[in-house]
Amino acid sequence: MSLTEESGLPETTTRTSAVEPVPFGPGSYLWEHMGLYTSAFAGNCAFILQAMHPTVSVVSDQYSAFRTDPVGRAVRSFASVQTWVYGGEAAIEEGKRLREMHKPLVSFDEEGRRHHALSADAWAWVHVTGLYGTLMAARYFAPAPPTRAEEQRIFDEFMNLGRILRVPERMLPETLEDFWTSFDKTVDDTLEATKVALEVVDMMDKTPVAGPAALRPALARIGMATGRVGRFVTAGTLPPAAREKLGLTWTAADERRLRALGQAVARTSPLLPERVRYMPIAYRARVAARARQSLDHALATRPL
Amino acid sequence: MTLIEHGDPESVVPPTSADPVKPAARQEPEPFGPGSLMWDSFGMYTSMLAGNSAFILQVMHPSIGTVVDQLSSFRTDPVGRAVRSFTSVQTWIYGGRTAIEEGKRLREMHKPLSAVDENGVRHHALSAEPWAWVHLTGFYAASAAARYFSLEPWEEHEQQTFDEFMRLGRILQVPERMLPPTIADYWTYFNDMVENTLIPHRTAYHVLDGMEEVPPTVPAALHPVLKPLSLSVGRLGRLIITGTLPPVAREKLGLTWTAADERKLRVIGRTIARTTPFLPERVRYMPIAYKARVAARAQQNLEHALETRPL
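Protein sequence lines, in the order shown, are assigned to chains A and B. Under our numbering, the first sequence has 93 at position 93, and the numbering climbs by one with no breaks. Under our numbering, the second sequence has 451 at position 147, and the numbering climbs by one with no breaks.
Please keep in mind that the hints were generated in silico from the structure rather than gathered at the bench. Ideal Cβ placement from N, Cα and C applies to all residues, glycine included. Errors might be hidden in some of the hints.
Derived, one-sided and incomplete: chain B residues facing chain A with beta-carbon distance under 8 Å [stated by the list, open to error]:
| # | residue |
| --- | --- |
| 1 | V387 |
| 2 | T391 |
| 3 | T395 |
| 4 | G399 |
| 5 | K595 |
| 6 | V598 |
| 7 | A599 |
| 8 | A602 |
| 9 | Q603 |
| 10 | R613 |
Construct the entire structure; sequences and hints are all you get.
Next comes the structure, spelled out in structure tokens:
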């Protein structure tokens, strides 16, 4: 972290990372967890934290389809996230594509300040909130809270993910402690109750679920119920400082309910078949990796 | 195929000026994958059944017959020997990068193998002619298999099958000059070899006779039970091998083949061709082939999902 440019400057060219990113594969923590529907559900607070960043808020306010096509926008985001972890070589390509895609996105806020989607701190914030969301998912939606070693493992793998996502090397925290220090600082000093963050929180239990007209009343009810739980989980997994900034209340009873919900999900979801627990790209990648391992084993142990 | 060396100890000798391709220009072998004819046909148990005649043609070559006779475990452990052969063959087609390594491993393994025949002639396993002959008998077996055990017209696939066999030859490190450029060249060379080089080697008789016997590795107590089974399976195998040998090779071995035998083989072949497609893939293909096919499909499935993901 010795190379410091004035943070906030757009990274117009992709810097060559000191460490080349390695695609994820079986055996990693993210391979086991990132593709789970429950992880996506538990990690939603990351999106709110992103939207609370002034740059992310201003740019997505102007360019994102989250208002006109909220479901489509979410589906594309999840497909991209799955590709980072389960895409193999396609993950590296996806990291480059995302930077290219965000390159022209520049907006001005009310005070006339210029915000660039590729600015180092905004880009790094999107990545680092993913680490926070994953740690929260591990804390609330697992049978037992993660050990120090597990948290370290999640951290290490996220640093590799940061390189896949072309986060400038100097923006990657060196240790788990460094991460918490800079994370808390950003929440305290940089995040705001932005227009987009408030809108997204408000939308969560109002988002219409697409479907045939005849089913819409029923789907709306399902959408609302899911949205209410989602909103509850999101509020509970946000850092208290962020929650306060957004004016969300959180009681000790809420905390107990969230823990009970997390335990229930952690204990029941493993009983479901893999095909249902994992998102499509993740499921297929896992099947393909196992088939490949089975073939490699047969080849390695063949009679010579 | 004009340049045929007899019994040169190392087929890796520097090519002479007459060699059409210099080693430097040699095409790097490409592993096989889905979409090739080999991928669909090679790993089937039925292909192996029909391809057995290739083994007889191989040991009728004086060098192969002599080296196998003296150095192979085919008599003491015929089943183990066959399993290892079939596994290696599967690896050539379904091993991906491992196929390339397997080609190199086979050459390394055969490097020290040489044997002297009754006439005092020394034969090396790695000589260009026998090494190429092992590979070249494969295309013959494929054509014989297509004739008897397939419902599809051979002519439609002949050129592609031939091209893929030449690719396999490169995987097996067959010297480039030993690979015939055209199908016509292939048959000229093949017929000449059968006519003028192959002999009724005693190893060929050992293999044929061994087919009807209970393998010696089976415990003696089981022999009475397995004897009738081995005899009937062996008899069927022998009928198929005899029928799928070129007539000249059959004559050299003194094997009889009647019009009634031919009719019987055709009926068996058609029955196999019509019924086996109904069996599940897991049963029709040998283990490595099956796993490779499953893995390739799973990979294609993933790639499709990645390519069509909403951006």
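Here is how each hint holds up against the structure:
With a least beta-carbon distance of about 6 Å to chain A, the hint placing V387/B at the interface is held under the 8 Å criterion. Annotation: T391/B was flagged as interfacial toward chain A, and the flag holds, the nearest CB pair being 5 Å apart, inside 8 Å. For T395/B, the suggested interface contact is upheld, since its CB lies about 6 Å from the closest CB of chain A, less than 8 Å. With a least beta-carbon distance of about 6 Å to chain A, the hint placing G399/B at the interface is held under the 8 Å criterion.
With its C-beta approaching chain A no nearer than about 4 Å, K595/B sits inside the 8 Å limit, and its interface hint holds. The beta carbon of V598/B is positioned within 8 Å of a beta carbon in chain A (closest approach about 5 Å), and the interface hint is therefore held. For A599/B, the interface hint holds, the least distance from its beta-carbon to any beta-carbon of chain A being 4 Å, beneath 8 Å. At about 4 Å, the closest approach between the beta carbon of A602/B and any beta carbon in chain A falls short of 8 Å, and the interface hint on this residue holds.
A cut of 8 Å between beta carbons decides the hint on Q603/B: the least distance to chain A is about 5 Å, and the hint holds. Checking R613/B against chain A by beta carbon gives a least distance of about 4 Å; that is within 8 Å, so the hint holds.
Of the numbered hints given earlier, the model fails none.
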